[in-house]
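Peer 1: Each chain, letter by letter, is given below.
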Amino acid sequence: MTAYLARRFLLSLLTLWVIITLTFVLMHAIPGDPFMSEARISPQAMENLRRYYGLDRPLLVQYGRYLANLARGDLGRSLRSEVRDINQIIADGLPISALLGAEALIVAVLGGITLGVLAALGHNRVPDYLSMGTAIVGISVPGFILATLLIDVFAVRLGILPVATWGTWKHTVMPAFSLALAPLAYLARLTRSSMLEELGQDYVKAAVARGLSRPRVIVGHALRNALLPVITVLGPLTAGILTGSFIIEYIFGIPGIGKIFVLSISDRDYPLILSGAVVYSVLLLATNFLVDVAYSLVDPRIRVLGRAR
Amino acid sequence: MSTRGGVALSLTILLVGVLIATGVRDSALGAPVRQVLRMNLETGEPATLDPAKIDNRAAGTVAKQLFEGLTRLDQNGNVIPGVAERWTVSGDGKVYTFILRRNARWSNGDPVTAHDFVYSYLRLLGPKFGAPLVDNLFFLVNAEGFNGGKVSDPAQVGVRAVDDFTVEIRLHTPAAFFLKLLSFFSVMPVNQKAEQQSPRWMNEAATFVSNGPFRLTQWVHEQRIVLERNPNYWARDRVRLDAIEFTMVASRATAYQLFQTGQLDVVFPPPELTGLIAEKRVLVRPQARTFFIRFNNKVAPFTNVNIRKAFSLAINREAITRRIFQGGQLPLRGFIPHGLSSGTGEFRRQAGDLYKDNDRVRAREHLQQGLRELGLNALPELTMRASSAEIFTKIAQAVQAQWKQALNVTVRIELMEPRALTAAVRSKNYVMAPFNTGADYDDAFNLVTQFMSDDFFNFTNYANAEYDRLIRAAAVETNAQRRTQLMIDAEKILIQQDMAIAPLYTGTEVILQNPKLKNVYRYPVAEDDVRDAFFEP
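Protein chains in written order, with the numbering used here: chain A, 1112 to 1420; chain B, -16 to 520.
Computed spacing ranges between beta-carbons, pair by pair:
1) A:1280 x B:438: 54 to 64 Å
2) B:183 x A:1412: 50 to 60 Å
3) A:1244 x B:261: 36 to 46 Å
4) B:189 x A:1331: 55 to 65 Å
5) B:225 x A:1269: 25 to 35 Å
6) A:1129 x B:371: 24 to 34 Å
7) A:1393 x B:68: 53 to 63 Å
A few chain B residues that don't get close to chain A, going by computed Cβ distances all over 10 Å:
8) 154
9) 380
10) 398
11) 461
12) 511
13) 515
Some chain B residues well away from chain A (every beta-carbon gap over 12 Å; in silico):
14) 84
15) 153
16) 306
17) 311
18) 384
19) 394
20) 496
Think of the hints as simulated: they come from the structure by calculation, not from any bench. Note that CB positions come from ideal geometry on N, CA and C, so glycine has one too.
Just chain A, with the same shape it has in the complex (with noise of 0.2 Å):
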């Protein structure tokens, strides 16, 4: 157990130094650089500027500096911020973020699996239809005509909601709603193939033959295996979800991480894109991690935790 999370710890850590380092040399690929605006900046001030964030230093000087730094769990200075070092705008977004994700997460999950079983159960008569509409409408309609729709609706017309910006739950409820939509429909459409799947499997025919109530044989039974892909993709999902979705944040002025972390590319704030892809990959790691364990939860036969039977 404890050799396998050490092994696991440190293939993390090597994962996590080749992201950072192709990050870093695919980051300084990308022709321009953070003061090449269209302002005409003068070369001096340029030079002068460049040197302020350590630019003027040699790529490999700047790369081992990182390193260091990171080591330290100091991920340095944004050039977005003179106020703020990247820890701080970290601290300060990913929790909006995050809880934005979790509120959303709870929503595409609950609300995709229990689609993704009624359409199951339902196939090819009404509920499927309506369960799978509803999906084919969340894969499809993009999450900023949907947000734009929604402030329209009960924030301008209605006065229920506020437009936008952040403070209360209310404004948490149209944001969350938007970013929740297509996972949700991913997810209900896995959960109903992955359902139809096990249902003609034969332990359930099985079950039902020795009697068991339907509820038992489609939750305790088929539900139980038809959530191991659902699982699956729980990881990266949740991942993605919590470090928040630019459109989203963009369209309702959420103080967000995942807004700052897209921006960072087009503004080339080299410290900051670093610290996007650490953030990231970190989360990526420890949610895959979990999904592991979750396996085993789910099906006694993948055992990652101590030895199997």
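Keeping the supplied structure of chain A fixed, place chain B upon it in accordance with the hints.
Peer 2: This is chain B only, laid out in the frame that chain A set:
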């Protein structure tokens, strides 16, 4: 307590409670209405509110309300006294002596002194400080050398405190626009004492010290900046706004919805809402920014002046502004944008039109002549690099179609990520590209230098000795009329004679504003000024 008194008391408490709960700001009870201006920073969180470190307009607008320089601008853009009560200029236009008003105060109560200005200007010019707009002060004697580390003694720089309330500034060449430039946010003073007490004073409302009409009272990062009237400001009696609240919503559609629901007083509506302009519900203001097609003058076929003229004259600017953008943009028949000053008036009015828009007949003649000169029968397919930002993509597609129709030339568009395009243009690695250039201060001179043959920003590869001579002469000319004429003559060479670029239009700013809000001063170049703004009852 009698029952009647008890009822009255309960009613009062209830009423007050209701008023507080509903946030009623109305003066039903005769209480004064708090005047709060709610604006939006669509470019988001300012990287800093230290005026010397700001490089963008949004943060500049906030700083403009917080600080006050030696001069200010009135509503027509004329220079009026700021911290300086009066000034004198020497006969050669190189030495400015400013007498500061004795009652100017920092928000912490300290007097604003000449030493504050000297300290602030030297701080801005410091080689390690990293001020992005530092070249605004390069007109001062030895300023550029000090910034570049070649002059190490700050006493050599052309700014000094003659006494506590007299600042003397020495320029190396006369600059007609210098007084206007001193109202710009980047040259606002900062409080020396505050900086010595805490070098990071500018990072929090609690330690923030400023000398303008407003002071910083709240800064919630990525969300909100709140300014309140500065009780120590020397002209506090004329400030009628109690507070300014800046929200940070990036989406114009959302900001417009916030405006519709009464939560913002000033917004830039989404460009798709062209109907607002037709219904005259918005203010359309020219910005001193020229949109144009850059030709690389050293790459064939744009080495040939007739080819450049053919491409420029074939463009239908009226169609681009009226039918494609519909944002009130003004078609340009010269390089200097509308609204920018020459020092003696509006440059564009004085210089007039340098060509006819959509002149297809002439365009075809120039094309034929150009082809003969190049020894070609027809032009090969040309590649135009364009930024993937929507505005430039639209320009590229429009001119591509117009050139095909008018000249039967095929142009391929290569879209590039905005900064990648800028990098390509800067390294002169392009044939032609839509671009834009805007003035940093209200004088045409600011834009004309970028076509001098040895200028760093001459990405067009334009070279004309006569043009260089005229601009050099304008730079040192003290007579304002002659200086204007020199710049007008230079523009004629650049455009009428050489057509180094194809100017398109002057950019505009479309503003939707609460109709009760009055006296917001806007300028083609400088940031908005709300010192005198107020809401009509």
